[in-house]
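Chemist: Heads up: the protein sequence lines correspond to chains X and V, in order.
Taking our numbering, the leading residue of the first sequence gets 33, the next gets one more, and so forth.
Taking our numbering, the leading residue of the second sequence gets 782, the next gets one more, and so forth.
To be clear, the hints were calculated from the coordinates, so they are not data collected in a lab.
Watch out, some of these pointers could steer you wrong.
Using C-beta positions, here's what the derived DEER-type ranges look like [stated by the list, open to error]:
id: 1; chain 1: X; residue 1: Arg56; chain 2: V; residue 2: Arg810; range: 29 to 39 angstroms
id: 2; chain 1: V; residue 1: Trp1016; chain 2: X; residue 2: Arg56; range: 53 to 63 angstroms
id: 3; chain 1: V; residue 1: Trp1016; chain 2: X; residue 2: Asp154; range: 17 to 27 angstroms
The calculated lysine to aspartate or glutamate pairs, modelled on DMTMM-like cross-linking and capped at a C-alpha distance of 25 angstroms, are [as the list claims (entries may be wrong)]:
id: 4; chain 1: V; residue 1: Lys1048; chain 2: X; residue 2: Asp279
id: 5; chain 1: V; residue 1: Lys1119; chain 2: X; residue 2: Asp279
id: 6; chain 1: X; residue 1: Lys360; chain 2: V; residue 2: Asp1388
id: 7; chain 1: V; residue 1: Lys1048; chain 2: X; residue 2: Asp296
id: 8; chain 1: X; residue 1: Lys360; chain 2: X; residue 2: Glu310
id: 9; chain 1: X; residue 1: Lys248; chain 2: X; residue 2: Asp296
id: 10; chain 1: V; residue 1: Lys1306; chain 2: V; residue 2: Glu1013
id: 11; chain 1: V; residue 1: Lys1048; chain 2: X; residue 2: Glu96
id: 12; chain 1: V; residue 1: Lys1119; chain 2: X; residue 2: Asp356
id: 13; chain 1: V; residue 1: Lys1306; chain 2: X; residue 2: Asp279
id: 14; chain 1: V; residue 1: Lys1048; chain 2: X; residue 2: Glu80
id: 15; chain 1: V; residue 1: Lys1119; chain 2: X; residue 2: Asp92
Given the structure is predicted, the values throughout are model-derived calculations rather than measurements.
Ideal placement from N, C-alpha and C gives every residue a C-beta, glycine not left out.
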Amino acid sequence: MLIWALFAAMTALAALIVLVPLARRGRAGVGAATESGDASVYRDQLAELDRDLAEGRVGDGEGEAARAEIARRLLRAARRSDMLGDPASAAARLRRRAVAAIAVIVLPLVAVGGYLALGRPDVPDRPLASRLAARPEGQSIDELVARVEAHLAAEPNDARGWDVLGPIYMRLNRPADAAEAFRTAIRLAGATELRQNGLGEALTAAADGDVGPEAKAAFEASLTVAPAGVLPRMYLALERAQAGRLDESAELWRRLIAAGTEADAWLPVARAELAKVEAAAREAAAPGAAPPSPAPTPAEVEAASRMTAAERAGMIEAMVARLDERLKRDGGGIDDWERLIRSQRTLGQRDAAAATLVRARAALAADPAAQTRLDALAAGDGEGKAP
Amino acid sequence: MIVELGHYALVLALALALVQAVVPIWGARIGDAALMATAGPTAAGQFLFVALSFAALTWAHVVSDFSVANVFENSHSLKPMIYKISGVWGNHEGSMLLWVTILALFGALVAVFGRNLPPILKADVLGVQAWVAAAFYLFVLVTSNPFARLVSPPLEGRDLNPVLQDPGLAIHPPLLYLGYVGFSIAFSFAVAALIEGRIDAAWARWVRPWTLAAWVFLTLGIAMGSYWAYYELGWGGWWFWDPVENASLMPWLAGTALLHSAIVMEKRDALKIWTILLAVLAFSLSLLGTFLVRSGVLTSVHAFASDPTRGVFILAILVAFIGGSLTLFAIRAPGLTKGGLFAPISREGALVFNNLFLTSACAAVFFGTLYPLMLEAATGAKISVGAPFFDATFGPLMVPLLIAVPIGPFLAWKRGDLLAVAQRLAAVLALAMAGFAVTWWATRGGPVLAPLGVGLALWLVLGALAEVAFRVHLFSEAPRNALRRAVGLPRSAWGTMFAHLGLGLTLLGIVAESNWRIESILVMKPGDTVQVGRFSLAFDGVVMRRGPNFDEAVAGFAVRDGGGRPFRMEPSKRTFRARPMPTTETAIATYDGFSQLYLSLGDTQADGGVAMRIYWKPLVLLIWLGCVAMALGGCISLTDRRLRIGAPRPHRVAAEPPAGDPQPAE
Chain X
33 MLIWALFAAM TALAALIVLV PLARRGRAGV GAATESGDAS VYRDQLAELD RDLAEGRVGD
93 GEGEAARAEI ARRLLRAARR SDMLGDPASA AARLRRRAVA AIAVIVLPLV AVGGYLALGR
153 PDVPDRPLAS RLAARPEGQS IDELVARVEA HLAAEPNDAR GWDVLGPIYM RLNRPADAAE
213 AFRTAIRLAG ATELRQNGLG EALTAAADGD VGPEAKAAFE ASLTVAPAGV LPRMYLALER
273 AQAGRLDESA ELWRRLIAAG TEADAWLPVA RAELAKVEAA AREAAAPGAA PPSPAPTPAE
333 VEAASRMTAA ERAGMIEAMV ARLDERLKRD GGGIDDWERL IRSQRTLGQR DAAAATLVRA
393 RAALAADPAA QTRLDALAAG DGEGKAP
Chain V
782 MIVELGHYAL VLALALALVQ AVVPIWGARI GDAALMATAG PTAAGQFLFV ALSFAALTWA
842 HVVSDFSVAN VFENSHSLKP MIYKISGVWG NHEGSMLLWV TILALFGALV AVFGRNLPPI
902 LKADVLGVQA WVAAAFYLFV LVTSNPFARL VSPPLEGRDL NPVLQDPGLA IHPPLLYLGY
962 VGFSIAFSFA VAALIEGRID AAWARWVRPW TLAAWVFLTL GIAMGSYWAY YELGWGGWWF
1022 WDPVENASLM PWLAGTALLH SAIVMEKRDA LKIWTILLAV LAFSLSLLGT FLVRSGVLTS
1082 VHAFASDPTR GVFILAILVA FIGGSLTLFA IRAPGLTKGG LFAPISREGA LVFNNLFLTS
1142 ACAAVFFGTL YPLMLEAATG AKISVGAPFF DATFGPLMVP LLIAVPIGPF LAWKRGDLLA
1202 VAQRLAAVLA LAMAGFAVTW WATRGGPVLA PLGVGLALWL VLGALAEVAF RVHLFSEAPR
1262 NALRRAVGLP RSAWGTMFAH LGLGLTLLGI VAESNWRIES ILVMKPGDTV QVGRFSLAFD
1322 GVVMRRGPNF DEAVAGFAVR DGGGRPFRME PSKRTFRARP MPTTETAIAT YDGFSQLYLS
1382 LGDTQADGGV AMRIYWKPLV LLIWLGCVAM ALGGCISLTD RRLRIGAPRP HRVAAEPPAG
1442 DPQPAE
């Protein structure tokens, strides 16, 4: 309500600004007509000239000429004079009433009407400082995050803040930011199982489920801190499967299952994964069967197991094309290149595989170990058999 | 609530402007003093409300209230305070609010300082001023409302364009607007005179100081913008003939012409109709400048056509005011009283010469700026009219004008004696020729025209000094007498001297910079040393630094000049976090008072080297110092409140009728 009272006060002030001079001039009465503006300027000029003459700034001769000039203009001006009407006349009074009506009625109507069409009286001010200082209960998750971010911008070395932020970012589906938060916390306060796992999961999520080299390193670091950790071992097993090393993956799953007891909630998941990996390995071993899946995500593997053979082949082709695309765009490590070449061969795309080999050699020219593996791959091609 | 109060205050200012646009002029037509008396208070009230509105928007920017769309789009909570404030006018909506605020300020100033103005003139002037104001309030409220709100505000803003986060840009737009909008007063006076059908003596007395004030601000604004472009854009250039620059140069040229013709009008009661026309043109060109910069038409005619709301609105304002005032002029001008007579060789004649060349130069800039736009609109062909066009048109027009500048003030009013002036200026001419000869000898084999430019600049500087020297009888009387005369000299004479001297300094700076600069653009690696002119620069490498809302790559240089005094220079490149867009921060060292060594950091190469632009710019500071001297001259002249009248010399008055054939003023 306060805002409307202030609007009213401002409007009243605006109306008064029009009304006051109107009323004052109205009372001034007859005879208020002023001298012609021109004449007053010329009189000022004459006075100025006299001062100049007195102070010797203008020579006598020049002064006289100037005085004559001004006098001529003054005479001309005196013939005209501004005619002002009689303020007491009925017409003048009517005009003043009309203007007063404009000030009291039209002006507020224009102002309020215009404002209501454009303004948002219901929207309060929201200065940032007061929004961040508000009690947390009423705040949205975004505002809470902004609070912690603002705090960390001021004190970037507060590891606790980064610890808080990491999991929240994960929940907000901002995995890249989460990874950065976990990484910063590790840098500031050292590695813990929680932080390493968080970093690995964030990186995996950021790569759409692909456990990349950095994520792998994060999980391995987690195991050095806490060797009994289950989560990192699950991700590492997944990583092997994605790299096409199905036997290694199966071995890791088996070891994990052996270490568990029936009470562990993760055990059924691990068994299911092992079964999938074993099934995939069997299919890969069978002649003419589907190739080892290039970097399948867990979801894709699951989807593939429910497909017909034709559908599966289509999906695999799509995945190979995607990997090809990614390597063209961003480049990649020897593992990626090897996976692509093997997949293309298995799909019968021998020419494409050969071309990929050439590209891989160029891309990895600086890496002797990779070149050795590529040499081995090229030799395998000569024998004409699927790896 | 504060934001909404600001919004309401803006609407109220519009309502008051509408009252002010109608009531006083109605009163003036029927001679009703009460109605006319509302003009002053409404003008002051209008300023009060629009100032409140501006303060509210500034407050929203200062406290980062992202529920205001304008703040969200152009601010960032981590921005330094000065840029939170300058960010208010660093965007379209805010800058238009500043525009109307300054317009209202000028109206209020007329109301306050114009107590002794003839009431009819005052009512008409403020009425016309309110028409302009109402049109622009509507523009702001309807198409560019800075108070638009966001119901669920984000927590961080998009930040101000990094290029604009600079102290130069904090003060450049207000100065420029004070200049642009200041011409609205001259315009309102001109239209008021046309409405009334006669030109009061008060008219000339009033128009000159307002024009002068606007001109001073515009001069400083243009100089500031030019210096900003010089040190911020990192190309080492200080004037690009860019349409945005031309948009401010055109009103400046017309305003300069107006300033000079207003002198004739004030002192000699001549050139009245021409002065009125110039006053209309100066503000029309300001409006055109606002249109060019604010409509988006410069970015692309087609972008303008695809989102035309704003552009069409300003275009309508432009057409209404320019067309309306020129139509009024066409109707009324023939009926206006003609002014006095004078011979072609006279002070008036010299000022007419000045006006002719200034308006022609203005026309050249006008066509150079608008032709590409019209061509693009008509045929779709995109051409750019650059420096060659302006060098070929603007340059030749300036040369005769500059040659005439020292001569004008020596000529007597009404009829002058060119031979006597030539005798007085003989020493100046000799010195200027000597300057030319020495420069020519010292730079043999260099640019041919440069020594001539130096000679012309000397001619201007010494000519300006000579005028005052003669008026105080510096060399013909005892120093004590000369000093007494110097104190008694009208301040406008000192103003003229500084302004004309400043012109000479600017010219000297331009000639030296454009002909004798040394530039070196190269790729450097850490440890490299390069010799530029008399300086040797050793590159240490690039380090990263963290600013409040940007990260900065700083290149370190150890610079030694010929004498061996080493010092460090650190050009850098900033990347702002909110908008990943790099800006260059040049490193500039001033030498010998006016010359500068200029370092600008370019991109980092793949092999670790960095691209560097290194310039040695002789006398470059004179370009802007000259402008400051011009503005100073304007300020000095502004303090001269004498009611002046230019009487012809008495012995010549006695000799009337004159020997020469006087020309009609119009």
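Chemist: Hints the structure violates: just list their numbers, smallest first.
Modeler: Hint check: 1, 3, 4, 5, 7, 8, 12, 13 and 15 fail, others pass.
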